[in-house]
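Based on the sequences and whatever the hints tell you, model everything.
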Amino acid sequence: MRYVLRKIGLLLLTLWAAVTLNFFLPRMMPGSPTDAAIAKLAQNGPVSPATRAAIEAQLGVPTGNIGDQYVTYLGNVLTLDFGVSYTFFPQSVSELVLTALPWTLVMVGVVTIVAFVLGTLLGVLAAWKRGTFLDSLPTLTGTFTSAFPYFWTALLLLFFLGYVLQWFPTSGAYSARATPNLSLEFIADAAYHAVLPAVTILITSLGGWILGMRNTMINTLGDDYVTFAEANGLAPRAVALKYAARNAILPNLTGFGLALGGVVGGSLLVERVFNYPGVGYLLYNAVTNQDFPLMQALFLMITVSVLVANFIVDVLYGYLDPRTRR
Amino acid sequence: MQRRRRSRWPLFGSALGVAVLLATSACTVDVPTEDDNNDGGGADGTSMLLAADNGSPTFERNFNPYSPGKRTTTTLIYEPLFVTNTLDGTETPFLASEKEQPDPATVIFTIREDVTWSDGEEFTPDDVVFTFDLLKEFPALDTNGVWALIESIEVDGQDVVIHLTGDNVPAAAIIQKTIIVPEHLWADVEDPTTYTNEDPVGTGPYALGEFTPNEYTLERNEDYWQVENVAAQELILPASNTQLDVVNNGYDWAYAFMSDVENTWVAAAEGNTYWFPPGGTIALFPNLTMAPFDNPEFRLGLSAALDRDRIAEVAEEGYVDAAGMSGLLLPNQEAFLNPDLPDGGAVAQDVDAALAHFEAAGYTMSGDQLVDSAGTPLALTLTTPNGWTDWLRGATEVQTQLAAVGIEVTLNQPQPAAYQQELQNGNFQLSMGSFGGTGSIYEDYNRLLSSEFLQPVGTTTTANFQRYSDPDTDALLAELRVTLDEARQLEIAHELQTIMFEQAPVISMFYGGLWGLFSEANFTGWPSAEDPYASPATWDANPLLVLTNIEAAG
Numbered sequence: 001m002r003y004v005l006r007k008i009g010l011l012l013l014t015l016w017a018a019v020t021l022n023f024f025l026p027r028m029m030p031g032s033p034t035d036a037a038i039a040k041l042a043q044n045g046p047v048s049p050a051t052r053a054a055i056e057a058q059l060g061v062p063t064g065n066i067g068d069q070y071v072t073y074l075g076n077v078l079t080l081d082f083g084v085s086y087t088f089f090p091q092s093v094s095e096l097v098l099t100a101l102p103w104t105l106v107m108v109g110v111v112t113i114v115a116f117v118l119g120t121l122l123g124v125l126a127a128w129k130r131g132t133f134l135d136s137l138p139t140l141t142g143t144f145t146s147a148f149p150y151f152w153t154a155l156l157l158l159f160f161l162g163y164v165l166q167w168f169p170t171s172g173a174y175s176a177r178a179t180p181n182l183s184l185e186f187i188a189d190a191a192y193h194a195v196l197p198a199v200t201i202l203i204t205s206l207g208g209w210i211l212g213m214r215n216t217m218i219n220t221l222g223d224d225y226v227t228f229a230e231a232n233g234l235a236p237r238a239v240a241l242k243y244a245a246r247n248a249i250l251p252n253l254t255g256f257g258l259a260l261g262g263v264v265g266g267s268l269l270v271e272r273v274f275n276y277p278g279v280g281y282l283l284y285n286a287v288t289n290q291d292f293p294l295m296q297a298l299f300l301m302i303t304v305s306v307l308v309a310n311f312i313v314d315v316l317y318g319y320l321d322p323r324t325r326r
Numbered sequence: 001m002q003r004r005r006r007s008r009w010p011l012f013g014s015a016l017g018v019a020v021l022l023a024t025s026a027c028t029v030d031v032p033t034e035d036d037n038n039d040g041g042g043a044d045g046t047s048m049l050l051a052a053d054n055g056s057p058t059f060e061r062n063f064n065p066y067s068p069g070k071r072t073t074t075t076l077i078y079e080p081l082f083v084t085n086t087l088d089g090t091e092t093p094f095l096a097s098e099k100e101q102p103d104p105a106t107v108i109f110t111i112r113e114d115v116t117w118s119d120g121e122e123f124t125p126d127d128v129v130f131t132f133d134l135l136k137e138f139p140a141l142d143t144n145g146v147w148a149l150i151e152s153i154e155v156d157g158q159d160v161v162i163h164l165t166g167d168n169v170p171a172a173a174i175i176q177k178t179i180i181v182p183e184h185l186w187a188d189v190e191d192p193t194t195y196t197n198e199d200p201v202g203t204g205p206y207a208l209g210e211f212t213p214n215e216y217t218l219e220r221n222e223d224y225w226q227v228e229n230v231a232a233q234e235l236i237l238p239a240s241n242t243q244l245d246v247v248n249n250g251y252d253w254a255y256a257f258m259s260d261v262e263n264t265w266v267a268a269a270e271g272n273t274y275w276f277p278p279g280g281t282i283a284l285f286p287n288l289t290m291a292p293f294d295n296p297e298f299r300l301g302l303s304a305a306l307d308r309d310r311i312a313e314v315a316e317e318g319y320v321d322a323a324g325m326s327g328l329l330l331p332n333q334e335a336f337l338n339p340d341l342p343d344g345g346a347v348a349q350d351v352d353a354a355l356a357h358f359e360a361a362g363y364t365m366s367g368d369q370l371v372d373s374a375g376t377p378l379a380l381t382l383t384t385p386n387g388w389t390d391w392l393r394g395a396t397e398v399q400t401q402l403a404a405v406g407i408e409v410t411l412n413q414p415q416p417a418a419y420q421q422e423l424q425n426g427n428f429q430l431s432m433g434s435f436g437g438t439g440s441i442y443e444d445y446n447r448l449l450s451s452e453f454l455q456p457v458g459t460t461t462t463a464n465f466q467r468y469s470d471p472d473t474d475a476l477l478a479e480l481r482v483t484l485d486e487a488r489q490l491e492i493a494h495e496l497q498t499i500m501f502e503q504a505p506v507i508s509m510f511y512g513g514l515w516g517l518f519s520e521a522n523f524t525g526w527p528s529a530e531d532p533y534a535s536p537a538t539w540d541a542n543p544l545l546v547l548t549n550i551e552a553a554g
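Protein sequences, first through last, are from chains A and B. Residues 1 to 326 (this note's numbering) make up the first sequence, in order. Residues 1 to 554 (this note's numbering) make up the second sequence, in order.
Keep in mind that a hint or two might mislead.
When the alpha-carbon atoms are kept at most 20 Å apart in a straight line, the in silico DMTMM-like pairs for lysine to aspartate or glutamate are as follows [claimed, not checked]:
(1) B:177 / B:159
(2) B:99 / B:159
(3) A:40 / B:390
(4) A:40 / B:422
(5) A:40 / B:540
FYI, nobody ran anything at the bench for these hints, they're computed from the structure.
Spelled out as structure tokens, the structure:
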């Protein structure tokens, strides 16, 4: 119990630090939200001097003592009130985040789980069949694809499968005329639109799981208790899964916890390339438009989910491996 | 009426064919042509696919015409009093049928009769006055700053009489851009600054049809006062308008810079055309508060050192022309050009002339470096916003060309917001910048040259970023503001061009293009070099001109 309490204390401390950083970082960026808005307008032609005054008045850009701002901000964070977005004025930040979140959670979330399960299984297989074709194929491909940059893979898929072959839609999360609902038809449509971004993430993340699992598994396979189990004449499958894999999976599980926490942040570049209306794209918009309220809400959400995932993994680990509790 | 969108599932065979083709020709990629997907506007040909509004990545339902986050097409639902063709300043009456300026401090708009709001209510001069009063009550809505110009406003029969704060002839052009909203609906809006106006009611040619986050439609307003001029029955506006979408989906009108436009856009479908007229001038803004830029000789030296054709070619793939030093957009504003300017204001690269100017400014060549009298080599920093790739290519070319006359140029690339801040605060040596393109000679030169915007370095200014100050120029601008005499207006325009040419307050390089992509498959009569009645821009009031001028094809 003391172990868990200590971890909770640490969690709260990191949360406070994250919240505080979150407040100061955007304010240290050069340029104001008004400047960002004007820079955007300026790309379409000259901006009249009067426009600046009107934009400033409309956005209600924070003014006054930074200490007071910080106190107000802390209060708002506690009540989950993040105010109004500058970019999507006058939409509220919470509304925007809630619209974007499901897309990311489902698309990135499902892919993360699939990649983890598939990659781990392939890793077990590769280690068990070490030296054979079943080892070299996934290992080599994994090494290769895990080195692909996300956006590059996304652009390749977009160009060949989306544009040249036209097998999949090139942008969006669902068809143009559809309104999000829970009908089977819509879900199928959404799944179809999710294929390219999902495959992008799968291709680039699968290799990591395979290699990680394979390498720890090979270590475990050399351990005496595995040899002992084999010598006792247990079925190879039981030895592989119940003895070796069960212990070898620990590091991968840590990674999985963190990856799940990271899902909330979305995959910025993938979502940007495919115009996918998730949290990653929202974050991109927030940062490029110096949208403080939106940025703060998103960064906070990402930090909190990663911290909480980290905390859960920590606690879980404490039970799975008592040595860490010391 | 609804346009069928191309099926995403092509024949497997053809896909296999392309795959084989890809495998055999590693570096050439066969892109699909439009044969298989140009289903046109349907049999009636009156549905238009338009890339005019970009969801980021989906649409928010906001049709408040004064909101910065409004849907771009809000200006097709609402109308202003007059629409100005920003290319050359010509004006077309919309909600006002006429305007008159009996003296430089008064503007009288005669409001059009027999116009109704799309909910059937009658449009009256009271709506106009209500709108202006609304902008006065909520300055955050007043994006054109009309209440800096207006003293008072009143209805006189069918006329709306506007008394200005002083003699101000160009004010009418700004005031008439104001978008008019209905009093009977907006009078009840509690806070119009945060109002999203989800079901807009306007006087314009279109009314909102279906709305989804990924796409919406605008349907023709059948009671529109000039409905006979509106050819497109329905406008379809998808949220995603990437260049791939634009080429793939057979748009009728798109606004997008398209690399290699002949082989991408034009080749994609029968009838695809484009027109890229100049919409502003991209220039080097020297910080005139510091040496050596405070010396006109030095600025003229920079000007003579540049090969503008080459810069335009490198920056914009040759789609726009090099800009002369007159400050005018040519050929749009040819009518205002001072005939006494040599070569119409164009400056050809002349290294000898450049070195002579530099020498007059106190800099001489020493080896391959330009040095001041103390022998210190000249080094400059050029600021350009990060991510604006065309400007960056232009800036890199400037860097190369100035290196050839011995000037070392370092590029500084802050994020756009920071760039904007540095520009406004005068925190730069040389900066890429743009000016012009409002359609008003007075507005263009005033924002560029007037000392009314003058602020010390470190203090934000909203115009005249290079911080130019000259009493003669101010006097000309002041006179241009109050004179109703058109001959005198033209004379002043000529004199201002001479100042631009001789003083080089900014060093014009090339035109910023307006990237209009059109398809003549379903509609004809798009604006073009031969008939430049409007700009290809898809925002503000300009589409009102285009959509009331085009005709259904065949």
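Taking the hints in turn, this is what the structure says about them:
1. B:177 / B:159: holds (17 Å)
2. B:99 / B:159: holds (9 Å)
3. A:40 / B:390: Status holds; Cα separation ~15 Å.
4. A:40 / B:422: holds (15 Å)
5. A:40 / B:540: Answer holds: residue 40 (chain A) to residue 540 (chain B) is near 15 Å, not above 20 Å.
Going through the hint list in order, the structure satisfies each hint without exception.
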